[in-house]
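There are 2 protein chains.
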Amino acid sequence: MAENGSADLVKTEYCTFAEPPDGLELDSGRVLSPVAMAYETYGELNSSKSNAVLILHALSGDAHAAGYHSETDRKPGWWHAMIGPGKAFDTNTYFIICSNVVGGCGGSTGPSSIDRKTGRPYGLSFPIVTINDMVRAQTYLVADLGIEKLLAVAGGSMGGMQALAWATDHPDMIQSAIVIASAPLNGAQAIAFDAVGRNAIMADPAFKHGDYYGDSPPAKGLSIARMLAHITYLSDESMRLKFGRSLRKSESYNYDFESEFSVETYLDYQGRQFVNRFDANSYLYITKAIDYFDLTAQYGSLDAAMARVNAKMLILSYSSDWLYPPYQSQEMVYALLRQRKKVVYCNIESDYGHDAFLLEVDVMRKLISGFLDHAMHPDKLHALKPAKPVPDTPLNPSSPSTASIYKGRRVDYDLIVNLVDARSRVLDIGCGDGELLKRLTVSKQVDGMGVELSQDNVMSCVLRGIPVIQADADQGLSAIPNQSYDLVILSMTLQVVAHPELVINEMLRVGKKAIVSFPNFGYWKARIKTLLLGRAPVTRSLPYAWYSSPNRHVLSIRDFRVFCAEHSLRIEREIPLSSRGTVRFLENIRAEEAVFVISRSFE
Amino acid sequence: MAENGSADLVKTEYCTFAEPPDGLELDSGRVLSPVAMAYETYGELNSSKSNAVLILHALSGDAHAAGYHSETDRKPGWWHAMIGPGKAFDTNTYFIICSNVVGGCGGSTGPSSIDRKTGRPYGLSFPIVTINDMVRAQTYLVADLGIEKLLAVAGGSMGGMQALAWATDHPDMIQSAIVIASAPLNGAQAIAFDAVGRNAIMADPAFKHGDYYGDSPPAKGLSIARMLAHITYLSDESMRLKFGRSLRKSESYNYDFESEFSVETYLDYQGRQFVNRFDANSYLYITKAIDYFDLTAQYGSLDAAMARVNAKMLILSYSSDWLYPPYQSQEMVYALLRQRKKVVYCNIESDYGHDAFLLEVDVMRKLISGFLDHAMHPDKLHALKPAKPVPDTPLNPSSPSTASIYKGRRVDYDLIVNLVDARSRVLDIGCGDGELLKRLTVSKQVDGMGVELSQDNVMSCVLRGIPVIQADADQGLSAIPNQSYDLVILSMTLQVVAHPELVINEMLRVGKKAIVSFPNFGYWKARIKTLLLGRAPVTRSLPYAWYSSPNRHVLSIRDFRVFCAEHSLRIEREIPLSSRGTVRFLENIRAEEAVFVISRSFE
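Protein chains in written order, with the numbering used here: chain C, 1 to 603; chain P, 1 to 603.
Hints were generated in silico from the structure; no laboratory data involved. Some clues are possibly wrong.
The list cannot tell twin chains apart, which means a pair is met if one copy fits it or any two copies do.
Unchecked claim - Derived DMTMM-like pairs: lysine to aspartate or glutamate, alpha-carbon spacing no greater than 20 Å straight-line:
#	residue 1	residue 2
1	242	294
2	249	44
3	342	331
4	208	258
5	249	294
6	249	172
7	341	351
8	444	148
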């Protein structure tokens, strides 16, 4: 039933192009003509036509992404939770388009369409289409709607592959791309599942080499293919929680071969439902398009593919997705970074498996709305007023604070802002909620990016428009090219990383200079406790007991100096700090923390 | 071709039992009569009949586990790499038996057997069998071979389920059980895959409700079931490495629906091969038996099931097995521990997925041969001579050493051995290669178990007969019941665990007393460096630089005393040590390490 405030009543529209003698040229070399596209739109196109977002559907999706088709319609579009007023794709702001793919069975030209040459359905005479072919057809639709450049393309699973095809094949037609639960190529395991599904369809005697229209379709085969695929959309954990070993009807086993476990009857139902709404030939064509998707083969390498991207990219993966596991998204993120592209990445913690792209609505809303807002208004952040006044003398942070030195006011932030050159490229390792990068962007107009492990912090960064990738600095920054940043910052993080040597080496590989701040274990209060009491120190800047400290390393200003000397690092600046400001003598004793600017000493 | 030194030429034998009017009573309430069992044996039964090991096969296995059937036979038995002279199941020492399961199609009575009542194959009139039914049939065979008690039962996957059924349903007929890549129940995801496979078979028009004997079998359906199951036996990683996206014949895509990726043609081949050697009805019955397997439902809970076990248990899982993931093995290990059973556990690092139980031969050889040797000779370790003389005065470890205090001679070991009561129950957290437990077993006849994270160390423990489970102490010892040990030891490990507070609390929950040893950060050389140099200390007992130390915590004797006071822990003994022996005054300054005996002070 249509809700208030939702995309409400919508209807599917159609556009036809590539009429003979023209045609849509396909990757196979064949030509399809004419091509009809079923599509829906939600929200209003603005006068400058700059707010259009194209939604791209997955294997079994269609043009009906949101809203209801009638007052009595009980089921909304497939991404209704994500599209509408105030939702991730906010129809108060954006003009949303969704079209059915070529090869599909939701109104666009596909194997069940009538071939004008024969007057009969294409069946298997329909040409094989690729993800790029699907996208090429979409470019006609977008042009037909009078849009020269899309604000964004967005999709999950096969929809993410289409977004990648847009970004690599039509880089100047989109401002940004959102790639969710997807992959740069379909791997061996995913091909294997698709192949078994196709085998099940083609083994069904009702299949008749695809020529079953007007007769019974290969329902058993398609149902088996769907049941199988459905398993890959869930996770072991979600199936355990949803079904476990519960039995559908009885308390005890039937001792026969009827479906009796709840998970069996659920899959039976999924199979039956699917058969009613989907064409088996389209299933073959679309899974084949997915299997053929491989950016690395198409462009020679993933890096060569990503080198073509002009769009800002948002890449999202899910921790429990085993169909397109997070590492496949991460490979794309790293290739984009190597190619110095703008990318935001988050691996969303979820039990839902691949289906999470339909279900993790709250997290996606934050990440996508923040990302789209920044895509629409790239200069918004720079136009913000600084949240707090920035001190004007670099070595004397203004406001003394009585709060814990790095739980309350971050004395080192003020100092660091003053150490950074305007308009420089800055990487902040362990960037937290993006506060320092925000200050640097506002005051110094830096081109900044953060690296952060915590999902909450990543969401905060994206919401405030700070580019960020979710990654563990301890696993290296190997994706980031040599000397690609002017400055790399590691603020109050050195003492908690597992491998400080690796992290500092990586910082000075990717950056020309590094700023490192850390609590000074040489601080007199710490030393006196060690000497007199023979105990591990607890002070204001080292506020934890030995047994509950997140700090994996204790080091002093002097330790860090020796480390730099031993590792051929040049100390360009050394700024010892207490809560009252910079410390000018006996710094290893008097400073509670320290900020170092270091570089590689190559001579 | 038969190799030298292998099990060589073997032949399948048969035994028949439960002849009318007797019969094999099944869990369903039906009775099967008569029952034939196909089996093979390798090696010789000793005169005391105490060296018999029953091997239990998985879904598609049979009685032919090792050796060759003829001189021209090109393929040996399915576990040939594991069974033979010098192999994991050493035929020079053990008498190995393997039988085909009831319901199978490898010579034992199954749906393709002739039903004497009708003179025709059973087909679907064959009764549903369970894993327990399979095992009950095996008890007849074992009795027929004159064996009262098996030294061991061992199997992977469904073979592991049979081993579990032996251990819970016939606890006094086995000395030990080896459960590999298995689970205490078939979970929702595993049931789902089985159900899709059964659907594929039953959807094949050649299936004819199971009555296809003498006609064409449902080859397409069975082939699809096998292809699907085969995917679950591999891992994403192994498929990526083995196939990737390579094409079978051409350099470029065919743009049709023939199999073209290598992974497709591989699965086609697996499907075709399987159809030639396996009966579709047996596939239905055996997958149903697997789906019905659930120790928790059978006995009310996993703990109630494990309470029945008398055998020593070896449980092995594989890191990349997603059909029966490691957590399912761990649940069994923890239930066994809660029930105070003898269990050894290792989660073997492997990319091979579920199939690792057929492939990770080297690691399995070490673990299984060590475990079997200990099962055969439980008193062997006690009979060993102590490796090194144990000092006779508890507080004065004899040999001073010039080696690094805990890289060379472990001064604290000698001391700890003297602190332990004879014949007490001892748990050693972070037991390393089992050296301390070995010394305690030899000198004090303790009933010891180790907890260790490193796979290599776990293997060393098993090879020397030390019971060990692979686990992370930082994740708690929650499976171990309250006060189930007299003593829990944490030797030179406190400083590297992430959560010392949790670990110590857990030690004193599961043990009446605890011994903790650690390097003393209060040692004068460490302090002087801190005071004078203002640097993190590097000394003989703290030999690492701040940036490369595995130590996550620095603490001193005094820190630990305060910790005990604050946490209501009673210090029963406190023994400060230097490399020259115990330290009798100024211990927080002069001791390089310390050994504490602590208990919970309840008053």
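Comparing the hints with the structure gives:
{"no.": "1", "hint": "242 / 294", "result": "between (34 Å within a copy, 18 Å between copies)"}
{"no.": "2", "hint": "249 / 44", "result": "neither (50 Å within a copy, 51 Å between copies)"}
{"no.": "3", "hint": "342 / 331", "result": "within (15 Å within a copy, 44 Å between copies)"}
{"no.": "4", "hint": "208 / 258", "result": "between (28 Å within a copy, 15 Å between copies)"}
{"no.": "5", "hint": "249 / 294", "result": "between (45 Å within a copy, 18 Å between copies)"}
{"no.": "6", "hint": "249 / 172", "result": "neither (57 Å within a copy, 37 Å between copies)"}
{"no.": "7", "hint": "341 / 351", "result": "neither (30 Å within a copy, 33 Å between copies)"}
{"no.": "8", "hint": "444 / 148", "result": "neither (34 Å within a copy, 83 Å between copies)"}
The structure is inconsistent with the numbered hints 2, 6, 7 and 8, although it conforms to all the rest.
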